[in-house]
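Undergrad: Residue strings, one per chain:
Number of protein chains: 2
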Amino acid sequence: MSKVFVDVGISLDGFIAGPNGGTKNPLGDGGMNIHNWMFAQKSFREHLGMDGGEMNNTDNDIIENIFTRIGANIMGKRMFIEGEANWPEDSPFHCPVYVLTHEKRKSWIRPGGTTFHFTDENIYTVLENAKKTAANNDVRISGGARTIQHYLNAGLVDEFIIHIAPIFMGAGVRLFEHLDKSKFSFEIKNVVHSSEVTHLFYNVKNK
Amino acid sequence: MSKVFVDVGISLDGFIAGPNGGTKNPLGDGGMNIHNWMFAQKSFREHLGMDGGEMNNTDNDIIENIFTRIGANIMGKRMFIEGEANWPEDSPFHCPVYVLTHEKRKSWIRPGGTTFHFTDENIYTVLENAKKTAANNDVRISGGARTIQHYLNAGLVDEFIIHIAPIFMGAGVRLFEHLDKSKFSFEIKNVVHSSEVTHLFYNVKNK
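Going down the list, the protein sequences come from chains A and B. Note that the working numbering gives residue 444 to position 140 of the first sequence, counting from 1, and the numbers run on in steps of one. Note that the working numbering gives residue 475 to position 171 of the second sequence, counting from 1, and the numbers run on in steps of one.
You can take every hint at face value.
Since the list can't tell identical chains apart, any single copy or any two copies may satisfy a pair.
With a straight-line Cα cutoff of 20 Å, these simulated SDA-like cross-link-like pairs (lysine to any residue) come out:
#1 Lys493 to Thr362
#2 Lys485 to Gly474
#3 Lys381 to Arg409
#4 Lys487 to Ile471
#5 Lys346 to Pro396
#6 Lys408 to Ile385
#7 Lys485 to Pro323
#8 Lys509 to Asn337
#9 Lys493 to Asn340
#10 Lys485 to Lys511
For the record, the hints were derived by calculation from the structure and aren't laboratory data. Every value quoted in this text rests on a predicted model; they were computed, and no experiment measured them.
In isolation and in its complexed conformation, chain A is listed as follows:
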């Protein structure tokens, strides 16, 4: 049975992106710094088609384990639009990606195994479809913040992984807003850290 999980990097003051984000400024002002630890890792660089990077360490292993479990992704329209303008042609998902959008568009097949499916169905139906596609693998709610919030508030998330970088953004897009805390609670599953980042693994209890 596929699990549904979120896996997201934030700053210590709770932002997943800086201000003024858009196709020409992916992740907003300073937002890339939230993920510096990730760009240093071999497992992440491989997914972007980049050489080099560190391996045999906690951060690299965590990224690798997360990639391995993903059978399908779900993302919001704005994340897709920003990514479409910036991802390499061999886009970094290497599995099906469901994009929540009212725009009608044929599925877009990329080299390297990523296919983007555009859907205006409700988030429940999209998740059911993603689970079928993922088969024995898991479904990742990729982002952005609003999409993650919608799935959390619908009681549809099983696990929540947060990577906290020890930096301060001061402004930007907050991860934890607009939450209906009557719908779910978090339980600490595990926490591990390196010198660069703290990884918090939570189980989500839905009510």
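Got chain A; can you put chain B on it based on the hints?
TA: Below, chain B without anything else, positioned relative to chain A:
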């Protein structure tokens, strides 16, 4: 040489207190929940003159270690006013507490070793006085959020300990606001967790 540290509990969405706080609603709506893990520990309960509590576990040990190192506290006026109305007579600090306020008031000696000193000197001078008082022990910047922010932005904090409870407040007093990140950066020193809380220990590098 005394170190200067912050030690503060927050919710996963970054609040140190709920909304509508005041003398009759200490820590604001739901704010006590941020500290539930702490109220369960023997070392904390002892400081409040309460019986019972858990011991021989990570959370209890961390509280005990923190209390042991404190030689003096510095707190803002609003934290004091809220506390004055709610702390037990044998107030929970058991060492000198410098209260930043323009109000003229004689030092207030409580049973159990706490003496509140009221001062309108600048935060640098107050810290120097607190360090002298603390002798070989450390100075804790106790709160509230604005006082912590002032000391961080002045480059005066050496260590920052955050206890993240896996709860969501949705509203209230944010810890990490109004920060001048050109003045300091955080380095991960250690992270440990229990089933109830994650303790993040940072060294602060001042610029």
